[in-house]
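Undergrad: Start from the sequences, fold in the hints, and give me the full structure.
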Amino acid sequence: MVDLGMLAVVVFWGVNFPLVKGALREFDALAFAGLRFALVTVCMAALAWTREGDLRPRPGDLWKIMGLGLLGNGVYQLTFMLGLARTSASNASLMIATAPIFVALTAALLGEHIHRWAWIGIVLSFLGIALVIQGGAGAQLSAEHLVGDLIALAGAAAWGAYTALLRPFLKVYSPLKLNALTMLLGTFPLFIAAAPAMSHIPWGGISAAAWLVLLYSALFSVVVAYNIWNWAVHRVGSARTAVYSNLVPVVALLTSAILLGERMAPLQFVGAAVVITGIVLTRRR
Numbered sequence: 048m049v050d051l052g053m054l055a056v057v058v059f060w061g062v063n064f065p066l067v068k069g070a071l072r073e074f075d076a077l078a079f080a081g082l083r084f085a086l087v088t089v090c091m092a093a094l095a096w097t098r099e100g101d102l103r104p105r106p107g108d109l110w111k112i113m114g115l116g117l118l119g120n121g122v123y124q125l126t127f128m129l130g131l132a133r134t135s136a137s138n139a140s141l142m143i144a145t146a147p148i149f150v151a152l153t154a155a156l157l158g159e160h161i162h163r164w165a166w167i168g169i170v171l172s173f174l175g176i177a178l179v180i181q182g183g184a185g186a187q188l189s190a191e192h193l194v195g196d197l198i199a200l201a202g203a204a205a206w207g208a209y210t211a212l213l214r215p216f217l218k219v220y221s222p223l224k225l226n227a228l229t230m231l232l233g234t235f236p237l238f239i240a241a242a243p244a245m246s247h248i249p250w251g252g253i254s255a256a257a258w259l260v261l262l263y264s265a266l267f268s269v270v271v272a273y274n275i276w277n278w279a280v281h282r283v284g285s286a287r288t289a290v291y292s293n294l295v296p297v298v299a300l301l302t303s304a305i306l307l308g309e310r311m312a313p314l315q316f317v318g319a320a321v322v323i324t325g326i327v328l329t330r331r332r
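Residue numbers (this note's numbering): 48 to 332.
If you are wondering where the hints come from, they were derived from the structure by calculation, not from laboratory data. Watch out, some of these pointers could steer you wrong.
What the hints assert, rightly or not - With a straight-line Cα cutoff of 20 Å, these simulated EDC-like cross-link-like pairs (lysine to aspartate or glutamate) come out:
| id | residue 1 | residue 2 |
| --- | --- | --- |
| 1 | Lys218 | Asp108 |
| 2 | Lys218 | Glu159 |
| 3 | Lys218 | Asp101 |
| 4 | Lys111 | Asp101 |
| 5 | Lys218 | Glu99 |
TA: In structure tokens form, the structure reads like this:
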């Protein structure tokens, strides 16, 4: 069930990259992020309130969960949107795919045992991502996209640290309640940064397709995917959950081929096989 759930997350996130990149032609990146997480926070809080009945954190956890929310929702979402707006979807997906490296490093610093097969699988799957990206025309790293690449890489570091820090809280809180709390307590910087852009949204000039992308990105890529992600971290650990993010660029490339008519090169198929091999190794005990 964990494998099936994480494969669904991979699809949600992989499709999200090219779709959001297209929507950012009509939306300002910060405005999109602000609207997206306004919708996400309302949905997540309503869902958690319905299922849990009580959203109060334990007294000693308030500031810890707020910090966790700032890292995973504030910092990560801002860097994700700003990085994607300044580089290609392929480059951004490659940068975000480095998250398992940061998860493993953070988890190791926190004392979580990372098996040697997990380390080998993480490194191998990351090398596979490099092959996937390197094999595609126009997807290589370049000075033109350097700023966006570095911002997205910072987002990967934030998401990796957030994932590793989740596990102790998931022993006390359900994934749904923890998601709601981190969003309610940690999205204020995102809304503050996005407020000026949101006040200048050309409401009548945005197409229905862009609005549908916003709904998809909020409901499936965040509300559904975050709950599955936290549940998987609780079940199998942060490192073995995070390695699935290495498949996201593969799905992003496949989606681009279907929607945009782009063709995958032979080297990209080799890279996809290497990524899957890395995931299999990481899932071995």
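Undergrad: Going through the numbered hints above, which ones does this structure break? Give me the numbers in ascending order.
TA: Those not satisfied: there are none.
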